[in-house]
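Protein chains in written order, with the numbering used here: chain A, 4 to 482; chain B, 139 to 616.
Simulated from the structure, these hints should not be mistaken for lab results. Values in this document were obtained by computation on a predicted structure and should not be read as measured data. Incorrect hints may have been included.
[Unchecked claim] Which chain B residues face chain A? A few, computed with CB under 7 Å, are given here:
1) Tyr229
2) Tyr234
3) Leu236
4) Ile270
5) His271
6) Asp413
7) Met423
The beta carbon of each residue, even a glycine, is placed where N, CA and C say it ideally should be.
Given next are the chains, with one letter for each unit.
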Amino acid sequence: MTELLEMSVAEAATRIQAVELSREEYFEAWREAAAQDELNAYLWRAEDRAVESDGPLAGVPIAIKDLFCTEAIQTTAGSRILEGHRPLYTATAVRRLTEAGAEVLGKTNMDEFAMGSSNENSAYGPVRNPWDRERVPGGSSGGSAAVVAGSLAPCAIGTDTGGSIRQPAALCGVVGLKPTYGAISRYGMIAFASSLDQCGPLTRNVADAALLLAAMQGRDPCDSTSLGIEGGIKAPSREDLKGLRFAVPAELGGDTIEAGVRAVFEATLRRIEELGGEIAEAPLPHAEHGISAYYMIAPAEASSNLARYDGVRYGMRVEAEGDVIEMYEATRAAGFGDEVKRRIMLGTYALSSGYYEAYYGRAQRVRTKIAADFAAAFEDFDFVVTPTSPSVAFGLGEKTDDPLAMYMNDFFTVPMSLAGIPAISIPAGLAEPDGGGPRLPVGFQIAAPALAEQRLLDAAHALERAIGFDAKPGEGSGG
Amino acid sequence: MAELEAVIGLEIHVQLSTRTKMFCGCEPSFGDEPNVHTCPVCLAHPGVLPVPNEEAIRYALKIAAALECKVAPRSIFHRKNYFYPDNPKAYQISQYDLPLAVNGRLGGIRIHRAHLEEDAAKTIHLGESGRIHGSGASLVDFNRGGTPLVEIVTEPDLRGAAEAASWARLLRTTVRQLGVSDVNMEEGSLRVDANVSVRPAGTEALGTKTELKNMNSFRFLERGIGAELSRQRELIETGGSIVQETLHFHPEDGSLTPLRSKEEAHDYRYFPEPDLVPLVPTEAMLREARESLPELPEARLKRYRDELGVAEDAAAVLVADPETADYFERATDAAAGVEPRAIANWVTGELAAALRQEGGDGAAGSKVEPEALASLAALVQEKKISHGSGKQVLATLVAEGGDPAAIVEREGLAQISNSGELEAIVAAAVEANPEAAEQIRAGNQKAIGAIVGAVMKETKGRADGGEVNRLIKQTLGL
Chain A
4 MTELLEMSVA
14 EAATRIQAVE
24 LSREEYFEAW
34 REAAAQDELN
44 AYLWRAEDRA
54 VESDGPLAGV
64 PIAIKDLFCT
74 EAIQTTAGSR
84 ILEGHRPLYT
94 ATAVRRLTEA
104 GAEVLGKTNM
114 DEFAMGSSNE
124 NSAYGPVRNP
134 WDRERVPGGS
144 SGGSAAVVAG
154 SLAPCAIGTD
164 TGGSIRQPAA
174 LCGVVGLKPT
184 YGAISRYGMI
194 AFASSLDQCG
204 PLTRNVADAA
214 LLLAAMQGRD
224 PCDSTSLGIE
234 GGIKAPSRED
244 LKGLRFAVPA
254 ELGGDTIEAG
264 VRAVFEATLR
274 RIEELGGEIA
284 EAPLPHAEHG
294 ISAYYMIAPA
304 EASSNLARYD
314 GVRYGMRVEA
324 EGDVIEMYEA
334 TRAAGFGDEV
344 KRRIMLGTYA
354 LSSGYYEAYY
364 GRAQRVRTKI
374 AADFAAAFED
384 FDFVVTPTSP
394 SVAFGLGEKT
404 DDPLAMYMND
414 FFTVPMSLAG
424 IPAISIPAGL
434 AEPDGGGPRL
444 PVGFQIAAPA
454 LAEQRLLDAA
464 HALERAIGFD
474 AKPGEGSGG
Chain B
139 MAELEAVIGL
149 EIHVQLSTRT
159 KMFCGCEPSF
169 GDEPNVHTCP
179 VCLAHPGVLP
189 VPNEEAIRYA
199 LKIAAALECK
209 VAPRSIFHRK
219 NYFYPDNPKA
229 YQISQYDLPL
239 AVNGRLGGIR
249 IHRAHLEEDA
259 AKTIHLGESG
269 RIHGSGASLV
279 DFNRGGTPLV
289 EIVTEPDLRG
299 AAEAASWARL
309 LRTTVRQLGV
319 SDVNMEEGSL
329 RVDANVSVRP
339 AGTEALGTKT
349 ELKNMNSFRF
359 LERGIGAELS
369 RQRELIETGG
379 SIVQETLHFH
389 PEDGSLTPLR
399 SKEEAHDYRY
409 FPEPDLVPLV
419 PTEAMLREAR
429 ESLPELPEAR
439 LKRYRDELGV
449 AEDAAAVLVA
459 DPETADYFER
469 ATDAAAGVEP
479 RAIANWVTGE
489 LAAALRQEGG
499 DGAAGSKVEP
509 EALASLAALV
519 QEKKISHGSG
529 KQVLATLVAE
539 GGDPAAIVER
549 EGLAQISNSG
559 ELEAIVAAAV
569 EANPEAAEQI
579 RAGNQKAIGA
589 IVGAVMKETK
599 GRADGGEVNR
609 LIKQTLGL
């Protein structure tokens, strides 16, 4: 039983295809594991297996962030306003996974409409970090990170708008990949900020992430912005980093990084050099304005994307005295949480007549400059590397009253989102938080040029092997 | 005080007759049961994305080509944000600062821009005012929501209500000729709003304008603009000033009432639609749009008048309906020895009248084949049948179709060509009407009618009127 749960997805899929492992038995083992969720990580769990298909993921149970529409299965986006909403269709990413043989194990908890870095913005209660249940798992794909880290699912998918896959992956000690913008279709992924949103895998290792990406990526006629990755994605096999150049941003913002995180980051840089990789500083002068630009662009798009939740056609409705406009107001007042309301107001303001140029327009220009910085760096380097998050997992409630401190969690992940380039977070070690506490996972982020996912996965795979991260929640740590 | 000149610009919405909606696979419809042509995309369910309709883009490029517009090498879609139940996404996907086409011309009027967007759903607000505010309930039908529209905006080049209505008719005919829209004002597939202002004749600066909406026929368009021009002139001449506002036209009494400012005060928060990529028409698409253009009404009218010698009025009637014009051309091609001018008169005169009487469709949809009309015109021109018999044959053609020569044969309508036979009938008629004969001899030319009538009665209209007149006079020795 435990042995079944320890297998990687790649191994399980291979054994199922070789008929050495029964699909039913494997799925049942994971269904029982998922039933033990004490982290509030699942919002829905499968009772039965759905119709099975053959393919490279045959028999692989998968947890799906509740932002993806699943036909006839409740899809809430972590919001009260969509409580009980059963979509009429399934998102392309999920459909491609199930067509490749994967089986939906459950829908995972998340920050409401993917807005948050701690999962405390879910209307259905916070997810707890399996390493320390008094700490957050990160967000917004906190449920997806927690189920993989907590052995409640062998793999999961999430979405990343400014770091929502990579940051929770880092805080939970799992692998999280945000592919190039457009590599995976957004059709059926409930929109937060359309020009930034991207689906990606959260897994226990890099090879599993590659396997899921291979199944999901590709041009989709339902998404005009989808691209697909030419040549597809193969299993990563690289074992060294010879001849590869890694850039460390000159403007890393040293004062915001926890000492323990910095130590793990530096140790990982040395590991890269041991594998034959070269490390040098590169200027990314505009990256530090990423957070400011991001918190203009993302709320602006969100204010428009979330305007459709009006109580007319689906989801929650609060009847009001008077006309339909009053019904809208009552529904939205009761249906949205505080962070969502904050961002809708920010975004509405940023787009309003007379302010557009100063806010949204300027933010877009910063975005262009950040993309140009990366493009310049990639002329000399193969990758840009940073810590994924400035800190290890923080305590529940620690930052809920300070939105700005919360937003700074995305400092290292937002620039890649703005540039639309792929980035992966892999577990690089454990560290104590500043001020002491249990040793907790630290993520290492590697970013690559657009559509260079294969190169990124190959390098991450080599580094992962060298790091040999094998710590597990509950082994000598808190919680 | 100098005379106040009218300055009018039109904003036209043309609903495209594509097989599917602008951003989803639903069939657009008119008059079906409510909410049957919908899907998650046009109902704005969570997670959906728009996919542009290629056919709509091709149609829009045709319109742009017909209006001689410059097509933008790269245009983009924007979101126009507003809360209203006719708009399930709470934003309309439209084009804003980079429209599909700019700087065109039609019938001497400059086109400012033409862009693609999606139509709103249909709403009905229950309650006295018919407006959303204060309404107890609102009903919405999403069938129309998401139908492709091309919005065409003219420069303020029109100088009167009648000119505006007549130009709008030309635009309708032009778009209809392209086959990209039903352009029916009553059904809403053509909607025309007007921006109206006045200024002292001879000056350049524009006066304050008002925007007129809800004029759903050409007649109402003319009446609405006319009423607003009178109101503005009177106001200014009595020392008042115009307030910029939107006015709603009421077809029942022709009045105009302002929309409440609360319904107008929108900040649409336009921003580029992130779900769509820029629209970059290929050279092949542009060429196809240009090369697929049929002869447009302006050019057609000119050709009918100048090359075919058709009277201006008849030419205008013909080109107003492309199908009728095509019908006319087929009839002209089939007619040997009959002038196009005569065919045009048949189509716009006798045939149109006969069809109106039947309450049927236009010429093209009737049982009268264009070749049949051509041979009928030839029979009359060659005096094989009289004009009166011609009308009789036409009535038969309208009712049951067929070949005019066969109808003439069957009904015995051939003109009496044997002059001996006709001479005898005339002589008998003169003899039978001695009083009339006497009066004619005495110089009363009117009296000849009685004898002609008698001849026509005897011949059942098969005699040529001119020939009968000549024979009567010959018989009387005049």
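The hints, checked one at a time:
1. About 5 Å separates the beta-carbon of B:Tyr229 from the nearest beta-carbon of chain A, less than 7 Å, and the hint is met.
2. Below 7 Å, beta-carbon pairs count as interface contacts, and B:Tyr234 has none with chain A, the closest being about 11 Å; its hint is therefore violated.
3. Because the closest C-beta pair between B:Leu236 and chain A is about 15 Å apart, greater than 7 Å, the hint is violated.
4. Look at B:Ile270: its Cβ gets to within about 6 Å of chain A, closer than 7 Å, so that hint holds up.
5. With a least beta-carbon distance of about 6 Å to chain A, the hint placing B:His271 at the interface is held under the 7 Å criterion.
6. For B:Asp413, the interface hint holds, since its Cβ comes within 7 Å of a Cβ in chain A; the closest pair sits about 5 Å apart.
7. With a least beta-carbon distance of about 17 Å to chain A, the hint placing B:Met423 at the interface is violated under the 7 Å criterion.
The structure fails hints 2, 3, 7 (numbered hints given earlier, in ascending order).
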